[in-house]
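Undergrad: Here's the letter readout for the chains.
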Amino acid sequence: MSQNDTNPQTAVAEDPTDESAVNRARVNTTRLLRTLLRNGKAVAGLSIILVFIILALLAPLLFPGDPSHITSDGASTPSLQHLLGTTTKGQDVLGLTLWGARSSLFVGFAAGIFSTIVGVLVGLSGAYFGRGLDEVLSLVTNVFLLVPGLPLLVILAAFMPPGIGTVIVVLVITGWAGSARVMRSQAMSIRGKDYVAAALVSGERPLRIMVREILPNMASVVMTTLLGCIIGSIGAQAGLEFLGLGDVNTISWGTNLFWATSDGSLMLGQWWIFVPSGLAIALVAFALALCNYAVDEITNPRLRRPKHATKSTAATTVARKEEK
Amino acid sequence: MSFLLRRLGFYLLAFWASITLNFLLPRLMPGDPVTRMLSRSQQRLEPQQVEALRTMMGVDGGPIIPEYFAYLGRILTGDFGMSISRFPTPVSEVIASQLPWTLLLGLTSLIIAVILGNLLGILAAWRRGGFLDSVAPPLLVFIGSFPYFWLAMGALYIFGINMGVAPMSHAFSVGLVPGFNLVFILDVAAHLILPALTIVLVSLGGWMLGMRNTMIATNSEDYILMAEAKGLRPHRIMLNYAARNAMLPSVTSMGMSIGFIVGGALLTEVVFAYPGVGYQLLGAVQGLDYPLMQGMFLTITAAVLIANFLVDLVYVRLDPRVRKG
Amino acid sequence: MIIKYLRSAHLAVAATAVVGTLALSGCVASNPGGTEGGNGSASAAFLTIPREDMGTFSRNFNPFSPNAAPMTGQSIYESMLVYNPAGGDTVPWLATDWKVGKDGKSLTFNLRENVKFSDGTPLTSKDVKLSVELQKKLLGGYDYVQSIKTPDESTVEFTFKKAFTPALYELGQQVIVPAHIWSKFKKPGNEENPKPVGTGPYTEVANFQAQSFELGKNPNYWQADKQKLGGIRMLAFAGNDGANLAAISGDVDWTQTYMPDIQSTYVAKDPEHRHFWFPTTGAEINWQLNTTKKDFSDVRVRKALSMAVDREQVTKVGMSGYAKPADCTGLSGNYDKWRDAAVVEKCDWTKRDVEGAKKLLDEAGYKENAKGQRTTPSGKAFTFDISVGSSSTDWLSVANIIAQNLQDVGIKATVDSPDWASVTAGYETGEFDTGIVWTANAPTPYQYYLNLMGSQNVKPVGKQTFDNYHRFSDKKADELLSKFVSTSDEGEQKQVVNDLQARYSELAPVVPLFAGPEWGAYTTEHFVGWPTEENPYATLSNRAPTTVLVLTSLEPAN
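Line order of the protein sequences matches chains A, B and C.
Numbered according to the working numbering, the first sequence spans residues 1 to 324.
Numbered according to the working numbering, the second sequence spans residues 1 to 325.
Numbered according to the working numbering, the third sequence spans residues 1 to 558.
Some clues are possibly wrong.
[Unchecked claim] Taking beta-carbon pairs under 7 Å as the criterion, some of the chain C residues facing chain A (in silico):
1) S390
2) V461
3) T465
[Stated by the list, open to error] Only pairs whose alpha carbons sit at most 16 Å apart, straight line, appear in this in silico EDC-like list of lysine to aspartate or glutamate:
4) K412/C <-> E345/C
5) K89/A <-> D394/C
6) K89/A <-> D261/C
7) K337/C <-> D89/C
8) K463/C <-> E492/C
9) K89/A <-> E312/C
10) K137/C <-> E51/B
11) K463/C <-> D79/B
12) K136/C <-> E51/B
13) K99/C <-> D499/C
14) K116/C <-> D225/C
15) K126/C <-> E157/C
16) K367/C <-> E355/C
17) K337/C <-> E492/C
18) K105/C <-> D489/C
19) K337/C <-> D327/C
20) K358/C <-> E368/C
21) K346/C <-> D489/C
22) K316/C <-> D73/A
23) K412/C <-> D66/A
24) K89/A <-> D310/C
25) K380/C <-> D353/C
26) K380/C <-> E368/C
27) K184/C <-> E133/C
28) K351/C <-> D385/C
29) K293/C <-> E431/C
It is worth saying that the hints were derived from the structure and are not from the lab.
Where a beta carbon is used, it is the ideal one built from N, C-alpha and C, also for glycine.
Using the sequences plus the hints, can you model the full thing?
TA: Structural data, given as structure tokens:
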């Protein structure tokens, strides 16, 4: 337990509280992970995401070369040679979809993770330090929440050179406020708890309290917010690119749809160009939503689905087997 | 009361901060409105012509600070100036001609989604593990996971082009003169079907899940058990006791959403050619139309704040615990 | 209370559903194709036209505003003459004839008799004078005009500071506004002009909505027998897709938007009535190389780059086969009657020739290194950007194809596609490598070659210019250009333009790509009398000076 504590001085003073806090936090997280893996929804969601990640990584092997190479062949329906057909520019749709996964997943996850980190930092600091800093941070958060998202996106995108980095930065700036608010309210309620007061009294440094006491107990909310942010980022990126405001030169699901509409695929009835990228976005978002579900169910056992229909006031079924 | 006053004070501060930001941000963007406008339409003008245009539209460029205070002053008198991208139409006229449609579409979709979603959530929570509870949430979440424009274009294609069932564009049939008669109202409703349907589909899952989870939490409270023990009918318990308390988070979310309706549904308008404010907003930003941008940002900010304030008022009525606070 | 709330909510949902069903059953039948609108008999049918770039309409009919509502300059206001690029002829309109002074320094128009504005006031020379003065004051231009005299009610005399033959078309196509109304405006540039008064065929604004508006007949039109339409109805859309969808569904009669594979999407749905015609009379689209950069100042490099481009692929895949590859004159179909066949025959640098390109590059000192990449004489890798605005998806495809073509000669080009405004800003200050650029499309090739080779608009890098972005000038071209404007003899003009074409082919100031098509499609279901390839009395553009020719030639189909 005190193995990770490299500072001998504080080890002596903190030992009684430290052990239980870290222990508790650690047990919480491991318990969470283990139950997660037992939950059907989580397994389904995680496996879908895993499949996409693997396909994205394998894309250069499955479709070597440049999938956006333009040929004069024109559009064609799905066939053995091109499993999902080709676009008006003669590009293989399956290849574009798989390569598109790389950019879409990367941007989505990166933007989601960074948004959550910023949100956690802001929310936690506001909740912990209270008073002046809290008022200021709340104001900033609320102002960012009030500014309409799309114009802010366009304005920011105009400053910076087109590219993946810009899209990520822009998504983070427009997305962090939502998570910050949720983090703050959750942190506020935890801050009032006894063990935090105990840690304060025993003189722990603020950062340690935030990271060691408050954060682990918010794990499920952080997880939910993280998943929500990732879903939001993937969707926002697709929307941006569909409007032509992203980097039109990268291959991603959003730009695939952008080209599909500007080449008039739907009007020409070329559904095989329009469907795959949209379906991919939906599947990934759905998988993440399933994981969200699962986390909700685990932390709130009442949400677990009973085996058969029951009245709402029936006793809640909780896992029969206790953790060892 | 002090709760409301504090909220009011906060709103005013946030309002001021927002409009300052709305003023500064566009001006930090590179370029100037006239060249943007010309490059968009690929017109070719002589240099003196561009200068003349600049003078005519008042974008000669001047120091920022006096312009900022002039801007604040004009807001108080309600003068939003003339739009640059639609010169010389006044900004208030541009917004006024589009805002009603945005509100109509947004409010209709929101109300339908909220009512339907909450109802489904309540029913699903009431019969846990039943058909509704097992099938509806995953299905609705899956539908809601599709990018909105994808669903909209798909709906347009399936219902509009192939089946010819619903009108595909605009707010009402062209040639029809607007008026408060049944024909016109029915026509408007018909044109609302596809756009509103797509918006409702995408947002239904969120409302349903939220309500369902809150209901489940509420259902475990003691007073529900007490009500059942007292022998009240299940229907009455579900609606009068459980739903009434579970509604609170929905009310807050709905408030926030109402405010943002005013920003328009850009993708809906692009796909369904609905004459609302969203597409204009994008055009205004891309065209560096400062007056129109400022006017719209102001409208959106004001709408969100007012909606939030109204929600707070309603919330105080609904949840007595807040009054003490 | 909650029960009441939810009960009424139930009712509301039910009501919406009922209304929806009612509307559904009634809507398909009552959704007019746009022509049998609320207004009565088939003979009063409205010509329905979509507009895809505005989203919503604002009631602004000021012809001096750059953002006036559609049809302001085409149907409400008219000009003294109309130049038809499709046929190459000039049609007298509000003026019956005109005379150019012997030294080219004066121009006199004789106005048509009995022309009235829509409020009954007769058209006089004073209106012409005021219109030209207002244009000059508000929007600049007409610097060469020294004075305007109105000796009598139907004669206008312009005198110029120096000979300028293109003035005929500039002044001739100026929209004429009524002086008795416009002289009274304190700030004419700020007028919305919601109830416009003009000489055009359809001037009465009716039923103005954000999504559509109508223009009714001008009760005092000077060609009453040519007002066969019930009126014009404009529909607003927020992009090409919406407008194209309306066209495909038969809701509009005349469209001017880019439609992919128009034969199968549009025409095939009703081959008896639907037609399209894309004459290549639009502006020439060029790939401009920034000649202030050392690499592009060498004519061999420019010609080599031109030879590397596969224009067949560019026009077939990038432009859906609608555009025509350029030749060595760089002229679009608009200038067919000026084109010099001799220059075209000797053409050697606008066809794909990878070997020839490689040879030229080697000769200029741009050799391939061990990895097969071209390097500049100073040893650096030869790479550059191709700029294009992201909203023009067809030109974006073109840029991508060019970049791909360049790989075959060992050059790595990257397509840079931010918003058009950023791209143009870069062009104006000369801070770009290369880019896809449109050109002017005036009645004579004068402006075209002026902007490509003349020194008039050349500004140093860093200073803003609105033409000649690639900053190229040639003394001999300057001489030829000034010779052109000073002579009004057609034979001499033709010779000068031949020399200009030869000079252009020698210098290759830009890489010409293709002649842009003028989009246009229509259906004869409700109206006939459209311009066609066999009868090119106008183009199919509904935003050009020739639009009024179409408006006065259409009549209801029977």
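Undergrad: Each hint should be assessed against the structure and marked as holding or not.
TA: Outcome of the hint check:
1. S390: holds (5 Å)
2. V461: Hint violated; V461/C Cβ to chain A Cβ min 20 Å, cut 7 Å.
3. T465: violated (23 Å)
4. K412/C <-> E345/C: violated (32 Å)
5. K89/A <-> D394/C: Roughly 11 Å between the alpha carbons, so the hint for K89/A and D394/C holds.
6. K89/A <-> D261/C: holds (13 Å)
7. K337/C <-> D89/C: Roughly 11 Å between the alpha carbons, so the hint for K337/C and D89/C holds.
8. K463/C <-> E492/C: Status violated; Cα separation ~36 Å.
9. K89/A <-> E312/C: holds (14 Å)
10. K137/C <-> E51/B: This hinted pair holds, its Cα atoms lying about 11 Å apart.
11. K463/C <-> D79/B: violated (36 Å)
12. K136/C <-> E51/B: holds (12 Å)
13. K99/C <-> D499/C: Roughly 27 Å separates the two Cα atoms, so the pair is violated.
14. K116/C <-> D225/C: holds (15 Å)
15. K126/C <-> E157/C: Holds, at about 11 Å.
16. K367/C <-> E355/C: Satisfied, since the Cα-Cα distance of roughly 13 Å is no more than 16 Å.
17. K337/C <-> E492/C: Within the cut-off at roughly 14 Å; holds.
18. K105/C <-> D489/C: holds (14 Å)
19. K337/C <-> D327/C: Judged against 16 Å, a Cα distance of about 15 Å means the pair holds.
20. K358/C <-> E368/C: Cα-Cα ~9 Å, so holds.
21. K346/C <-> D489/C: Roughly 27 Å between the alpha carbons, so the hint for K346/C and D489/C is violated.
22. K316/C <-> D73/A: Measuring from Cα to Cα gives roughly 10 Å; hence the hint holds.
23. K412/C <-> D66/A: OK: K412/C and D66/A at ~14 Å, within 16 Å.
24. K89/A <-> D310/C: With a Cα-Cα distance of about 15 Å, the restraint between K89/A and D310/C holds, given a limit of 16 Å.
25. K380/C <-> D353/C: violated (25 Å)
26. K380/C <-> E368/C: Given that 16 Å is the threshold and the Cα spacing comes to 11 Å, the pair holds.
27. K184/C <-> E133/C: holds (14 Å)
28. K351/C <-> D385/C: Not OK: K351/C and D385/C at ~22 Å, beyond 16 Å, violated.
29. K293/C <-> E431/C: holds (10 Å)
Against the hints set out earlier in the document, violations occur for numbers 2, 3, 4, 8, 11, 13, 21, 25 and 28.
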